[in-house]
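Student: Chains as they are written, first to last, in the UniProt record's numbering: chain A, 1 to 303; chain B, 1 to 303.
If you are wondering where the hints come from, they were derived from the structure by calculation, not from laboratory data.
Just so you know, even glycine gets a beta-carbon here, dropped at the ideal spot from N, CA and C.
One thing to keep in mind: the hints can contain errors.
[Unchecked claim] Residues from chain A that face chain B, not an exhaustive set, calculated with beta carbons under 10 Å:
1. MET57
2. GLU185
3. ARG186
4. LEU229
5. ALA289
There are 2 protein chains.
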Amino acid sequence: MRELLRVGGGAVDLAAIDPRSTPGLPAVAAEGDGSRKAWAREQVRLLGAALGRQQEMLYATAQAAAGPGAPTGAPTAADAAPGRGRPDRVLLVLQAMDCGGKDGTIRRVAGAMNPLGLHIRSFGPPTERERRHDFLWRIRRALPPPGYVGVFNRSHYEDVLIARVESLVPEATWRARYDEINAFERELTGSGVRLVKVMLHISHAEQGERLLARLTDPTKHWKYHPSDLDSRARWGDYQAAYAEALSRCGTDAAPWHVVPADRKWYRDWAVAHLLRETFDDLDLGYPPADFDVAAERSRLCGA
Amino acid sequence: MRELLRVGGGAVDLAAIDPRSTPGLPAVAAEGDGSRKAWAREQVRLLGAALGRQQEMLYATAQAAAGPGAPTGAPTAADAAPGRGRPDRVLLVLQAMDCGGKDGTIRRVAGAMNPLGLHIRSFGPPTERERRHDFLWRIRRALPPPGYVGVFNRSHYEDVLIARVESLVPEATWRARYDEINAFERELTGSGVRLVKVMLHISHAEQGERLLARLTDPTKHWKYHPSDLDSRARWGDYQAAYAEALSRCGTDAAPWHVVPADRKWYRDWAVAHLLRETFDDLDLGYPPADFDVAAERSRLCGA
């Protein structure tokens, strides 16, 4: 799946990727849309259980490496500072147009894992304090600690997307950020963070339907903001900004993947697969005991 | 359930609460242990779905109150600073002896909710930096922001439990903490945090079996540490420390609940119920639109 969905290393043409397509979906599931959906949902459940086991191994290994007295939580920026060679954490970066399905993907895919080992951070418009720093400052503070699976709901890529389209900074500033992002991500991957960068790719028509749903269902009004339509009016500009970001920052160490996302069940299945392949690479296992197991059993049973 | 499981407002006798009992479990489920277990697991699934909906309303309401420009994540200590009257977040505080089932409860109960709206923090031995501050310092920094469901995996109560039993601080210090905790929790509940404090109550025999399982199954070795047996040797001291903490800090604003936890399926069902009753109290709903719905529909469909 990673090779199939990967873009970059050249110009990216988003218009050539059909948001309703289902690359990599096995033929066994390729009958009616209803049966494919049911099959994919069941697969996500199974994949989620497998991801949960791998997530536990990742966590256990990091705990063992940190030593017994290490705090098991309340992660701080200091804990998350990179500095180790072997990949010891995974970071899923999710980007999409409004209504692209970031929240739904997190609910379904991350929701299948153990919440104790998840480190989810969402990035809205930067606060006044955040604006006083470099654009990567708040990103660094949000990195997952060793052993965790991080999820970024939006990310530093907003700083070359919305910042560019809405002219929040001069062109020279956002143009320089491609290299800054690449350097930052090289630093991350070199120090134990395995990046999985995903753009959820929806069509203009599908966004329209989802926005209409938010305007029709009162339980969805809270997800809508009038500025969503202003962004929609600049659809072409955003697609161009995405294409350039994917092209400029799709590196071998941290490639970009485009997941066709008009079909939610395919989207979830594809993202779960990308995570699964990433975990498989890490060749995870449970750490060996750092104590004398037989002696402890004697202590316990004699006690 | 809250009234049934509540302790405090007088001396607490943990020995009088059977860790294998199942208070509040409906008679319909009271046949064989196997069928009760299946029934409870299914109920937790259903309760989880309901909790997920209520969690979304809590989140949506907080988002609407914060205004459209508010960052939707990357919670900071400043975001979490109390200051509002109406309850706008829930904080589940979990305490238990080793192997008491805190992690399992989080996986099963919190895992049924949307991970985007969860704020889970675990507290291990304080770091050097944390020890330079008041014991509540790291707790304040870990509070959930408005709209979130927080879970504390251990908490400030360790500072009157392990700190007392292991003599980490002088008696005068930990004795003073009961009042400090009560003042702190009064401040929290007065400013929008609804506390759900739960002690998972297991028996000495059940702990022995679970420790043996961790020593027997190599995939569980990482959860074991030889110091677990040292704590087990002081079981009586810990039970006494728990009893006094529950008694001294079981207030009307922030009561303590003891959940019999030898049976994992009952434990999960009871905790899910406590959360459900807490959410029901909040009388949640979706916020009304703060924009002209008809006008936005026209804009969308005309575009």
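Student: Check the structure against each numbered hint from earlier and tell me which ones fail, lowest number first.
Tutor: The structure breaks hints 2 and 3; every other hint is satisfied.
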